[in-house]
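Put chain R on the given structure of chain G with help from the hints.
Chains as they are written, first to last, in my numbering: chain G, 708 to 1058; chain R, 25 to 337.
Among the clues, some could well be false.
Straight-line alpha carbon distances no greater than 30 Å define the calculated DSS-like cross-link-like pairs of lysine-lysine that follow [to be verified]:
(1) G:Lys1053 with R:Lys235
(2) R:Lys151 with R:Lys119
(3) R:Lys205 with R:Lys164
(4) G:Lys1053 with R:Lys205
(5) R:Lys164 with G:Lys1053
(6) R:Lys164 with G:Lys895
(7) R:Lys151 with G:Lys898
(8) R:Lys164 with R:Lys151
(9) G:Lys898 with R:Lys164
(10) R:Lys119 with G:Lys895
(11) R:Lys43 with G:Lys1053
(12) G:Lys895 with R:Lys235
(13) G:Lys1053 with R:Lys151
(14) R:Lys164 with R:Lys119
(15) G:Lys895 with R:Lys151
Simulated from the structure, these hints should not be mistaken for lab results.
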Amino acid sequence: MNSRPATFSGVLAHPLTQLTLVRIREFTREPEAVFWAIFFPILLAAGLGIAFRGGPGEILSVTTSSPTLAQAMRAEPGLDVMETTRDAGLEALRNGRAALYAEQDGGGSALYRFDDTNPDGRMARLLADRAVQRAAGRTDPVPAADRLVREPGSRYIDFLVPGLVGLGIMSNAIWGLGFSIVDARRRKLTKRLMATPMPRTYYLLSYLLWRMIVLIAEVGIPVGFGALAFGVPVRGHLIDLVVICVLASLSFSALGLLIASRARTIEGASGLMNLVQVPMWILSGVFFSARRFPDAVQPVIHLLPLTAIIDALRGHMLQGAGLVQLAPQLATLTGWLVVCFALALKLFRWR
Amino acid sequence: MIGPAAVALRVRDLHKAFKDVVAVDGIELEVRSGECFGLLGPNGAGKTTTIEICEGLTAPDSGDVEVLGLRWGTDTSALRHRLGIQLQETQLSDKLTVLETLQLFRSFYGQGPQAEEVIARVQLDEKRDARVVGLSGGQKQRLALACALVGEPDLLFLDEPTTGLDPQARRQLWELIEEFKRAGRTIVLTTHYMEEAERLSDRIAIMDRGKVIARGTPAELISSIGADHLIEFSVEDGGELLDLEAVRRIEGVRDLRSVNGVVRLQTLELHRVVPALLEELSRQVVRLTELRTHSATLEDVFVSLTGRHLRDE
Chain G
708 MNSRPATFSG VLAHPLTQLT LVRIREFTRE PEAVFWAIFF PILLAAGLGI AFRGGPGEIL
768 SVTTSSPTLA QAMRAEPGLD VMETTRDAGL EALRNGRAAL YAEQDGGGSA LYRFDDTNPD
828 GRMARLLADR AVQRAAGRTD PVPAADRLVR EPGSRYIDFL VPGLVGLGIM SNAIWGLGFS
888 IVDARRRKLT KRLMATPMPR TYYLLSYLLW RMIVLIAEVG IPVGFGALAF GVPVRGHLID
948 LVVICVLASL SFSALGLLIA SRARTIEGAS GLMNLVQVPM WILSGVFFSA RRFPDAVQPV
1008 IHLLPLTAII DALRGHMLQG AGLVQLAPQL ATLTGWLVVC FALALKLFRW R
Chain R
25 MIGPAAVALR VRDLHKAFKD VVAVDGIELE VRSGECFGLL GPNGAGKTTT IEICEGLTAP
85 DSGDVEVLGL RWGTDTSALR HRLGIQLQET QLSDKLTVLE TLQLFRSFYG QGPQAEEVIA
145 RVQLDEKRDA RVVGLSGGQK QRLALACALV GEPDLLFLDE PTTGLDPQAR RQLWELIEEF
205 KRAGRTIVLT THYMEEAERL SDRIAIMDRG KVIARGTPAE LISSIGADHL IEFSVEDGGE
265 LLDLEAVRRI EGVRDLRSVN GVVRLQTLEL HRVVPALLEE LSRQVVRLTE LRTHSATLED
325 VFVSLTGRHL RDE
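Looking at chain R on its own, in the form it has when it is part of the complex:
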């Protein structure tokens, strides 16, 4: 068991509705000091509402939020000094330079590194005197990260830090976040990219429709679906001739689903199920048009829990 001092963020029975849309429906979270905690879910799952309530930017309808042992309302001013926050879609002022932007944010905090030092940390030295308007998407995102770091925060909130970035810029940002993890920082991040959650998070809560539907380490979550491998295939004529029940009876097949003509099944024994599947299909005289296998990922966890893909919505 961990003591209360080791809990950076505790959320109990959180509820929030906007007009008649329920955004957050009874969330419980506990983030330990020094870990990177990921909130994974599709758009509209309530991740941003949850994180903005934790950041003190949105008031919950009900529920309890304890951040670094403090509470919004009574300790707001102390909390603001100790949190680093990156919002999902802030556009910093175009006409300021990188250095000027960071000097502005630095002036709000009582402690923290100098602006130049943070610029070096996020690898923007070359762009120090460049105006924000001329930065690439990845550079802008790194500047936003620098603005969150400039007060030397005890807890860092990152809301979709790599959304909209190209793969290279995304990897660069991941490396920076991993560096902060190594420095022992506590991070709460939201994402709808399963690779991102899997790579960066020590523990993950998977959210869907305002609720946490699963939680654990990435390895725990993946093993929870009881399958190491996923097989997806489709056959000619949209599968009208296919006898799905016969496929389901193949030994080693678990959780078979058919969506839009694509049959998806899970297994622990790829080496036995694939030959048996091919044999069964040739017995039924249906021609295979597509066959794919991959190791199970968080995406498969989400699909097996909800029947939908993370990025469907």
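Bound conformation, chain G alone:
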């Protein structure tokens, strides 16, 4: 046995260390991959967070051709009233600059024109009519007062951040593993490694270890950004969050391994990866609640791994749920992990 220099011995010279280092080097030396994996979710969260920011209700623009109505509506602080001609008012309504156009006929009745499929239109109708009726002398029979509650955890950004974290874990694991493995197979690198004494499990294990390391940034950065920039809460225990994310990353890595287990070309693998991911982007409630889909498909949606991780993250971050309450989601993820990994080991093509 040769003596080795201190720079290359012990843990560093272990094949699993070397294989994992290869994964990390290949990843960090591809700046685009780092960008898409880590900074893209931040940009997306920032953009959407700003677009859908909460805060005081917006002022709605309305137009009218009647001076009486205009005066009545100006008493309502939620409305920005512009008096104009009938034609200009209808034009503003058509192109969306105003949410409502109000006019008055000879008998004194008011007519509101608005789009009832547009929430702004319906809101403008309520505010405008209330102002008009009050100006005409209506009093409220029940006295009422408001107390405002602006609670972090119930805004769109609070809903969105866990969704983006789950989406990030899925797409990074699937694209990262899929491309890397298919590329190595195409280059006959896996075949070359088979010609060495390298234990095969180390090769697959190095991918999982690499994902674990990237996971710290993948989850930490968007969650940290959400907390600092928008005050998105993390109400559960940090350890529980780690358990959820590690389990999810392993499940999606196994899914990526399965997708990449046979494909010989990047094109073939890409198609397969999209086929698996796109339905989940739509169905699993990343950007809007999955409950909007019909009841009939709900059981299927709940079996999807992306639904499971997003539901678990929302439960943990927003409601402070512990691992016991999240058992159904964790069980779903574990099921995907076991089935995908077993199938991938059976099907994996080394050459």
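Relative to chain G, chain R alone:
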């Protein structure tokens, strides 16, 4: 006779078919310890399939393979540690450096030189910290060779080590392989370059269509065709006016063939046959358009055995 311990590789009655294409059809090989054994043949002759079966990467349909006295299946793990393998078309990871690549391969083996030492052996010191993507074809091939050497193998398999390289890079790689030969290593190499087989191999098996059609030392093989010299000529009008039988009757001419208007003949007596040939052609009043002679090579052995050139296919 050599004892069993001196045999590094023994292959008996090897058969392998891919779907309905027979790649290897009854190959027998014996490689002695310390020699460089060449498998020479055109593309598609079954060289790579044969060597990959010996490397334990492809399972044979039938036949027996004994490597360093061990067998694939029962002794796979021990064998992997003792073999150095260069595959025909591996592209190593572009984003790693030369040193990182070799440290990776070094980590798989229980013994062997340090990565830096192997880098020096294949003369890549200057490129130690360069990424693989920036290496030339010859440098990449030397890195692949280094990856095969990093476990200090008892037996080295090289599958077409210089295919696609320019002449200078090829010579540089030959010099490295010759150095390993001098160090007493056992090498099995495949090639379709007859110069390469002739220069590097102690013994050669010539393969064609899944079979070994000739074997021996380069000198034995060349002398087996019974001619030291080859003469090739062509005449005007594609040889329509040429009386080939009269040429065949010239004293000293052997194995005359005419392919695509080029007449090719072998002889031991160049000094007598060439003047006689010119005289015969002027008697027939046909004008010579081309005349070439060269010493017999392994290429001529292949042509005389198969009627085809090594690089036709």
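To see whether the hints hold, each was checked on the structure:
Using a Cα cut-off of 30 Å, the hinted pair Lys1053 of chain G and Lys235 of chain R is violated, with the two alpha carbons roughly 35 Å apart. Of the pairs offered as hints, the one joining Lys151 of chain R and Lys119 of chain R holds, with about 14 Å between alpha carbons and a cut-off of 30 Å not exceeded. Between Lys205 of chain R and Lys164 of chain R, the direct Cα distance comes to roughly 21 Å. Compliance with the 30 Å bound is thereby established for this hinted pair. Simply put, Lys1053 of chain G and Lys205 of chain R have alpha-carbon atoms about 42 Å apart, too far for the 30 Å limit, and the pair is violated.
For the suggested pair Lys164 of chain R and Lys1053 of chain G, the alpha carbons sit about 33 Å apart, so the restraint of at most 30 Å is broken. Pair hint Lys164 of chain R plus Lys895 of chain G holds up; C-alpha atoms about 15 Å apart against a cutoff of 30 Å. Annotation: proposed proximity of Lys151 of chain R to Lys898 of chain G holds, straight-line Cα distance about 25 Å (limit 30 Å). Of the pairs offered as hints, the one joining Lys164 of chain R and Lys151 of chain R holds, with about 11 Å between alpha carbons and a cut-off of 30 Å not exceeded.
Taking the CA atoms of Lys898 of chain G and Lys164 of chain R, the gap is about 17 Å. The hint holds against a cut of 30 Å. Restraint check for Lys119 of chain R and Lys895 of chain G: the C-alpha separation of about 16 Å stays at or below 30 Å, so the hint holds. Distance hint between Lys43 of chain R and Lys1053 of chain G is fulfilled; the C-alpha atoms sit about 23 Å from each other, no more than 30 Å. A hinted pair counts as satisfied when its Cα atoms are at most 30 Å apart, and Lys895 of chain G with Lys235 of chain R qualifies at roughly 27 Å.
About 40 Å separates the Cα atoms of Lys1053 of chain G and Lys151 of chain R, which puts this hinted pair outside 30 Å; it is violated. For the suggested pair Lys164 of chain R and Lys119 of chain R, the alpha carbons sit about 13 Å apart, so the restraint of at most 30 Å is met. Of the supplied pair hints, the one linking Lys895 of chain G and Lys151 of chain R holds, its CA atoms being roughly 23 Å apart against a limit of 30 Å.
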